[in-house]
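Trainee: Just so you know, we're using UniProt numbering here: the sequence shown kicks off at 1 and counts up by one.
Fair warning: there could be bad hints in the mix.
To be verified - Dumping the calculated SDA-like pairs for lysine to any residue here, alpha-carbon to alpha-carbon at most 20 Å:
#1 K148 - L102
#2 K94 - S229
#3 K66 - S229
#4 K66 - W258
#5 K66 - V224
#6 K66 - L102
#7 K203 - F116
#8 K148 - L84
#9 K203 - N259
Claimed, not checked - Distance ranges between label pairs, derived from CB positions:
#10 P22 - E2: 26 to 32 Å
#11 I64 - A152: 40 to 46 Å
#12 L99 - P41: 44 to 50 Å
#13 F218 - Y164: 30 to 36 Å
#14 F167 - F225: 25 to 31 Å
#15 I78 - F122: 15 to 21 Å
#16 G71 - W151: 31 to 37 Å
#17 I176 - T21: 46 to 52 Å
#18 S89 - V178: 40 to 46 Å
No lab work stands behind these hints, which were simulated from the structure alone.
Even glycine gets a Cβ: it sits at the ideal position worked out from N, Cα and C.
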Amino acid sequence: MESILQSLEGPVFSAIRPYITPYTSALPPSIQEPLQNLLTPICYNNLIRDFDPASNPQCVQYAISKAIGLGIVTLSTIIKVPQLIKLLSSQSSKGLSYLSYLLETTAYLCTLAYNFRSGNPFSTYGEIAMLAVQNVLISTLILQFSGKGGWAAVWVAALAAAGYALFQEGIISPEIMVYLQTATIPLVLASKVPQIIEIARQKSTGQLSAFAVFNYLFGSLARVFTTLSEVNDPLILWGFIGGAALNAVLAAQMMYYWNSGQKGGKSPNTHSKKFYAKGKSPKPKSGSKKRA
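Using the sequences plus the hints, can you model the full thing?
Mentor: Shown next, in the form of structure tokens:
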């Protein structure tokens, strides 16, 4: 990145800097302060006030990571809405694994509490809160459409109790929180396996949303970059790497079974029927004439 920025310094940055800096150096405090909090004062001065990105490539990488992180958090508010719509419109949970959502939501809850208690920037984990809420709604609908609606209240109550405990340092110590975060790595990986098996067994993606699957893949890959840029924590990094690998498997299944169950034509066991006036069918013609 440093070589790219240096190559752009002469023909691009230095050419437009005199026209930009009179405005960027005079931004009102109402704009300066949020940007300084987001980018840090050093990177704010380098990238915005002085418009000199080539002198500090680390700030450019940091700003890109922040932009990606905020984009992921914003997109996460709607990423599973298509899945919810498919469930509600079809009234069927075919192709969806409740166990996958149970494991994934549990991992999300632990990761959310770990990041919050570690003081990590919200832009590096904010989407987990949005996804967890949507997971609860989807998993509740799966139970409902599977004839197990009575367990939905138990499921939500258990999550609420676990969430309260995870965010309270007096109940769960920081040392135990580290162990729980470590456990989320195999938990996240295991959460994808039942869904992968379910698709392979049915040879169909059923009501699984392609929008959610591919956004999961791109989001997890982007999170690897933002974690490397902003969070020095191997536990979080390896969790995203493992999740990205299995999200790639789900995306491959989505493409492979894309048109399954949607092809036209008659089933080989379906007999065609013809309907005639007054319910009578014509008599078959004889191949020979009667002799007089």
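Trainee: Indicate, hint by hint, whether the structure satisfies it.
Mentor: Hint by hint, here is what the structure shows:
1. K148 - L102: It holds: about 14 Å lies between the C-alpha atoms, which stays within 20 Å.
2. K94 - S229: Given pair K94, S229 is violated - Cα atoms ~39 Å apart, limit 20 Å.
3. K66 - S229: holds, 9 Å
4. K66 - W258: Cα-Cα ~34 Å, so violated.
5. K66 - V224: holds, 13 Å
6. K66 - L102: violated, 30 Å
7. K203 - F116: violated, 40 Å
8. K148 - L84: Satisfied, since the Cα-Cα distance of roughly 18 Å is no more than 20 Å.
9. K203 - N259: Distance ~11 Å between K203 and N259 Cα, so the pair holds.
10. P22 - E2: 26 to 32 Å: This hint holds: roughly 28 Å between Cβ atoms.
11. I64 - A152: 40 to 46 Å: holds, 41 Å
12. L99 - P41: 44 to 50 Å: holds, 47 Å
13. F218 - Y164: 30 to 36 Å: holds, 33 Å
14. F167 - F225: 25 to 31 Å: At 28 Å between Cβs, range holds.
15. I78 - F122: 15 to 21 Å: holds, 18 Å
16. G71 - W151: 31 to 37 Å: holds, 36 Å
17. I176 - T21: 46 to 52 Å: About 51 Å separates the Cβ atoms of I176 and T21, which means 46 to 52 Å holds.
18. S89 - V178: 40 to 46 Å: holds, 43 Å
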